Amino acid sequence: GQNIDQPTEMTATEGAIVQINCTYQTSGFNGLFWYQQHAGEAPTFLSYNVLDGLEEKGRFSSFLSRSKGYSYLLLKELQMKDSASYLCAVNAGKSTFGDGTTLTVKP
Amino acid sequence: GAGVSQTPSNKVTEKGKYVELRCDPISGHTALYWYRQSLGQGPEFLIYFQGTGAADDSGLPNDRFFAVRPEGSVSTLKIQRTERGDSAVYLCASSLMSGGGNEQFFGPGTRLTVL
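Protein chains in written order, with our numbering: chain A, 1 to 107; chain B, 1 to 115.
Treat the hints with care, since some could be wrong.
Sample of chain A residues lacking proximity to chain B, with all beta carbon distances greater than 12 Å (derived) [unchecked claim]: (1) Ala16; (2) Ile17; (3) Gln25; (4) Phe60; (5) Gly69; (6) Tyr72; (7) Leu74; (8) Lys76; (9) Gln79; (10) Met80; (11) Leu87; (12) Lys94; (13) Val105.
Residues from chain B shown here face chain A by an in silico Cβ test under 8 Å; the list is partial [what the hints assert, rightly or not]: (14) Gly42; (15) Gly99; (16) Gly107; (17) Gly109.
Since the hints were made in silico from the structure, they are not lab data.
None of the values given here were measured: they were computed from a predicted structure.
Backbone N, C-alpha and C define an ideal beta-carbon position, used for all residues, glycine too.
Turn these sequences into a full structure, and let the hints guide you.
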């Protein structure tokens, strides 16, 4: 079976750094994705990890530990527009998504 | 360039009716995915196609749901005898190929409401 856990909600301040964690237990693993989804819109791709370690992409970084079944998304220099839901998804042929973490950025 | 498009954007139907939801993937993308999303939840996998064939349909909730992709491009999700519990946003995504690091590009979704 597939099980993906993320915190439901987080709040952070503009300009700060926030880390969104994701733990997973899946049968099969081809990689882990992070997507951003603004309210009422479709998810958009942020990052992909297949090997252990940190992938950096501008203000966004994603980390993976396959042995621990753990990933996190790190957002730096938060902006108001970063308020959105962040979805962790494990790909094993099909993709299984977590329920998302709703991030609220306050001024 | 054109992204993934879905029609209709909204569909309101009555319990027991039949509906068809259409997805036009990005040209050249061989993999196509259907998900449904309820408020406050992540996308729930339904089915994915690699080319014309359904590579994994394990997410279809029951035999009222069926999807086709006859020419390996456009796909139609068909729901028979709709129930109120089918109400959700139905998302389609496509990727260059299935699996691995192939990023999925999502369409805007079809909001289905069953009265």
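Comparing the hints with the structure gives:
1. The non-interface label for A/Ala16 is consistent with chain B: the shortest C-beta to C-beta separation is roughly 25 Å, beyond 12 Å.
2. The claim that A/Ile17 is not at the interface with chain B holds, since no C-beta of that chain comes within 12 Å of its own (minimum 24 Å).
3. With a cut of 12 Å on Cβ distances, A/Gln25 stays outside the contact zone with chain B, its closest approach being about 16 Å.
4. Taking the minimum C-beta to C-beta distance to chain B, about 14 Å, the non-interface status of A/Phe60 holds against the 12 Å cut.
5. No beta-carbon of chain B comes within 12 Å of the beta-carbon of A/Gly69; the shortest separation is about 17 Å.
6. Remark: the non-interface label on A/Tyr72 is consistent with the geometry, its nearest Cβ contact in chain B lying 17 Å away (cut-off 12 Å).
7. Once the 12 Å rule is applied to beta carbons, A/Leu74 is consistent with being away from chain B; the minimum gap is 19 Å.
8. Its beta-carbon lying about 22 Å from the closest one in chain B, A/Lys76 satisfies the requirement of being farther than 12 Å from that chain.
9. Residue placement check: A/Gln79 keeps its beta carbon more than 12 Å from all beta carbons of chain B (closest about 22 Å).
10. With a least CB separation of 22 Å from chain B, A/Met80 remains clear of the 12 Å interface cut-off, as annotated.
11. With a least beta-carbon separation of about 5 Å from chain B, A/Leu87 fails to lie farther than 12 Å from that chain, contradicting its non-interface assignment.
12. With a least beta-carbon separation of about 5 Å from chain B, A/Lys94 fails to lie farther than 12 Å from that chain, contradicting its non-interface assignment.
13. Every CB of chain B is more than 12 Å from the CB of A/Val105 (nearest about 19 Å), matching its label as outside the interface.
14. For B/Gly42, the interface hint holds, since its Cβ comes within 8 Å of a Cβ in chain A; the closest pair sits about 4 Å apart.
15. For B/Gly99, the suggested interface contact is upheld, since its CB lies about 5 Å from the closest CB of chain A, less than 8 Å.
16. About 6 Å separates the beta-carbon of B/Gly107 from the nearest beta-carbon of chain A, less than 8 Å, and the hint is met.
17. Hint status for B/Gly109: holds, given a least beta-carbon distance of 6 Å to chain A, under 8 Å.
Hints 11, 12, counting from the list given before, are not met by this structure.
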